[in-house]
Amino acid sequence: MLDFYRRLYRTIRPSSGDDEPRPNDGEVRADGGVVSDGPAADSPTEPDQGATARLKAALDRRFGSDFMESSIFWLPPFLLMGLFVYGAVIWNLLISLTDYERFENAPDYSNLDFEMYTRAFADSGFIDAAVNTLILLVLFTMGTLAVGLLLAILIDRGIRFENSFRTIYLLPMSLSFVVTAQFWLWIYNYNNGIANSVIGTFGLGPVSWLGNQDIVLYAIIFALMWQFSGYAMVVYLAGLRAIPREHYEAAKVDGASSLKMYWRVIIPQLKGATISAAVVLMVFGMKAFDFLYSLVGGYRPPNGADILATKMVREAYANLNWAYGSAIAIVLFAMALGVIGPYLVYEYRRDNL
Amino acid sequence: MSDEELRTDGGGATADTRWNLGGVTIEDAALYLVLAFAAVFYLVPIESGLVTSFKTGTAIIETAPFAPPGPSGFTFEKWQTAIDALLRGMGNSLLYAVPATVISAVVGSITAYGLTIPTWKKSYKAVVLMLIIAGIFIPYQAVLVPLTQFWSQWAQLDQLLSFVWALGISNDYAGIVELVITHVAYGIPICTLLFRTYYKTMSEEMIESARLDGATLRRVYRRIVLPLSGPMFAVVLIYQFTQIWNDLLFTLVLVSTESSPAAPVVLILAGLGTSLEGQDFALRMAGAFFAALPTLAVYIFFGEEFAEGVAA
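From first to last, the protein sequence lines stand for chains A and B.
According to numbering that gives the first Met the number 0, the first sequence is numbered sequentially starting from 0.
According to numbering that gives the first Met the number 0, the second sequence is numbered sequentially starting from 0.
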């Protein structure tokens with residue numbers, strides 16, 4: 000396949016760039032197949048050169064003048080990626096329709112049904128995980144955006160040491176979930192953790208942050224916000240810097256107070272930054288698996304903090320319910336698609352792709 | 000809006016609405032106070048981890064979690080243990096993170112070039128781009144089971160590479176090769192996107208005139224685009240290295256056990272300091288810092304590029 004492609008490319012290359020077909024690229028037959036293996040320049044008189052020219056002209060008309068020549072650059076990586084991403088998702092969908100489990104080497108594709116999905120919706124653990132995933136996504140994204148916006152606005156006021164502050168706020172983002180999970184495990188420690196000593200100074204607590212199943216999810220969301228609000232800040236900062244100074248001035252001349260100015264004039268202009276940051280944050284939220292796994296050093300997150308990402312991996316790799324894990328993965332994928340799809344359409348409409 | 004409202008407004012720019020306190024306005028002082036408080040908030044978890052990693056077992060209980068250990072409670076022992084446990088993991092992580100980072104950056108650059116500079120029909124280009132960008136956001140859980148199937152049943156690297164194991168290298172290292180290929184495949188989308196945003200801003204005249212002179216696309220890439228890509232390569236390499244080094248999920252399913260000789264550092268760290276007697280926090284913190292050293296170094300030396308990478 001690749002070889003065919005390379006030869007096809009070699010034949011067509013000399014003639015593109017200027018759109019006039021040259022007489023000597025006659026390696027492609029009218030049926031699109033490739034025959035001769037010799038260098039293109041050595042076969043000046045092949046009978047069906049007109050066909051080649053016509054084929055190329057047709058391709059050019061359909062796809063644009065550089066399509067064939069440029070495809071050597073993007074098509075092979077695109078195919079590799081497509082295979083690993085979309086090929087795998089489709090394969091995953093197929094597996095989720097089988098009964099593949101335990102130590103079978105390969106799924107049996109002869110008997111497909113939706114049993115795993117009905118099983119999921121009857122599984123209270125799955126419902127809890129789905130609800131937790133939604134809570135985590137919504138609270139984590141909104142909270143992170145709010146903190147990030149606040150920091151960006153403060154930093155954008157022409158302060159000194161701007162770079163130092165920015166570096167500090169973004170620092171947690173450079174760390175692995177595996178590493179930050181260790182830090183937060185220590186902070187939330189019941190006897191010696193900082194969280195309990197801080198609320199202890201206000202006469203509260205101690206609280207079992209990771210042991211109480213009504214609290215643990217929010218404790219984790221807080222830790223994730225710590226890690227990613229620096230990211231939201233950077234995105235918002237870029238957005239703020241793109242707003243012309245005159246808009247601030249105009250708002251001031253109109254006599255708007257700072258708060259009103261930000262609310263009415265500046266924040267609406269940050270819509271693009273908000274949307275792209277929100278999409279990325281939701282994806283990070285869905286990847287919180289690494290954090291939860293490292294928190295306990297195993298597949299079973301603290302009670303009350305199970306999300307679809309952790310449940311999927313646990314079902315597949317700990318319980319060896321491969322098909323069931325795949326079905327959960329498809330639900331997770333559908334959720335991601337619900338976020339990404341509209342985002343891509345939005346970017347396309349804005350001509351931003 | 001009335002004058003009164005304007006005057007009570009704390010954020011106004013006119014000097015007469017600010018209280019002055021020896022050249023520093025209250026407003027400024029409050030601003031810096033909030034920023035400093037936020038800085039403390041972001042640093043405390045890291046700082047407390049760092050001091051804890053040097054504490055003895057008794058110092059952990061007796062001193063506050065963020066306070067440095069006293070001279071009697073100070074020890075390097077935990078770092079020693081952590082380094083002993085994690086050093087081989089560091090080597091393994093580098094073994095796949097470096098090649099995967101370099102390959103995915105180069106491939107991303109080439110892909111982005113093919114999708115940005117040459118002219119072909121916009122609507123088709125948009126479809127390809129949409130599929131690539133969506134690839135960035137796929138939750139990896141949706142590909143895990145097929146990925147395991149693919150590497151364990153279809154592409155059995157540990158048999159294909161048997162000549163390597165004959166040299167005395169553990170065949171667990173097939174997992175490292177799998178990780179390189181896997182990370183490259185899933186890294187292509189983000190690398191392409193990062194390079195594309197950069198190539199879109201490139202001067203069109205230069206490329207146009209080269210094309211009119213009859214330069215092939217390959218020549219334009221080698222002579223014009225690639226030499227100008229340096230700054231973006233820095234951004235992409237740093238971003239990708241951090242992502243690949245930090246990823247746990249793929250190592251978990253492809254290498255699987257922390258006792259494997261090919262176990263990457265994140266895999267060993269996730270299980271470090273946990274035992275039946277409870278958790279050894281000092282050891283965990285020391286391990287966390289040691290494992291984070293490469294990404295911390297990258298961040299400290301190339302912070303600007305990192306910020307650019309995440310913001311794109």
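It is possible that part of the hints are untrue.
To be verified - Quick partial rundown of chain B residues pointing at chain A, CB under 10 Å, derived from the structure:
1) V43
2) F53
3) A184
4) R217
Unchecked claim - Coverage of chain B stretches by chain A, computed from C-beta distances (three or more under 8 Å per stretch; other residues unrestricted):
5) 24-38
6) 84-92
7) 95-102
8) 125-135
9) 170-178
10) 196-210
11) 284-297
Said to hold, decoys possible - The list that follows gives simulated cross-link-like pairs (lysine-lysine, DSS-like), each with its CA atoms no further than 30 Å apart:
12) A:K259 to A:K270
13) B:K199 to B:K120
14) A:K251 to A:K270
15) B:K199 to A:K270
16) B:K199 to B:K121
17) A:K270 to B:K121
Honestly, the hints are just simulated from the structure, not real lab data.
Given the structure is predicted, the values throughout are model-derived calculations rather than measurements.
All C-beta atoms, glycine included, are put in the ideal place defined by N, C-alpha and C.
Quick rundown of the hints versus the structure:
no.	hint	result
1	V43	7 Å, holds
2	F53	14 Å, violated
3	A184	4 Å, holds
4	R217	8 Å, holds
5	24-38	holds (count 6)
6	84-92	violated (count 0)
7	95-102	violated (count 0)
8	125-135	holds (count 10)
9	170-178	violated (count 0)
10	196-210	violated (count 1)
11	284-297	holds (count 9)
12	A:K259 to A:K270	17 Å, holds
13	B:K199 to B:K120	16 Å, holds
14	A:K251 to A:K270	21 Å, holds
15	B:K199 to A:K270	22 Å, holds
16	B:K199 to B:K121	14 Å, holds
17	A:K270 to B:K121	25 Å, holds
The structure does not agree with the numbered hints 2, 6, 7, 9 and 10 stated previously, though it agrees with the rest.
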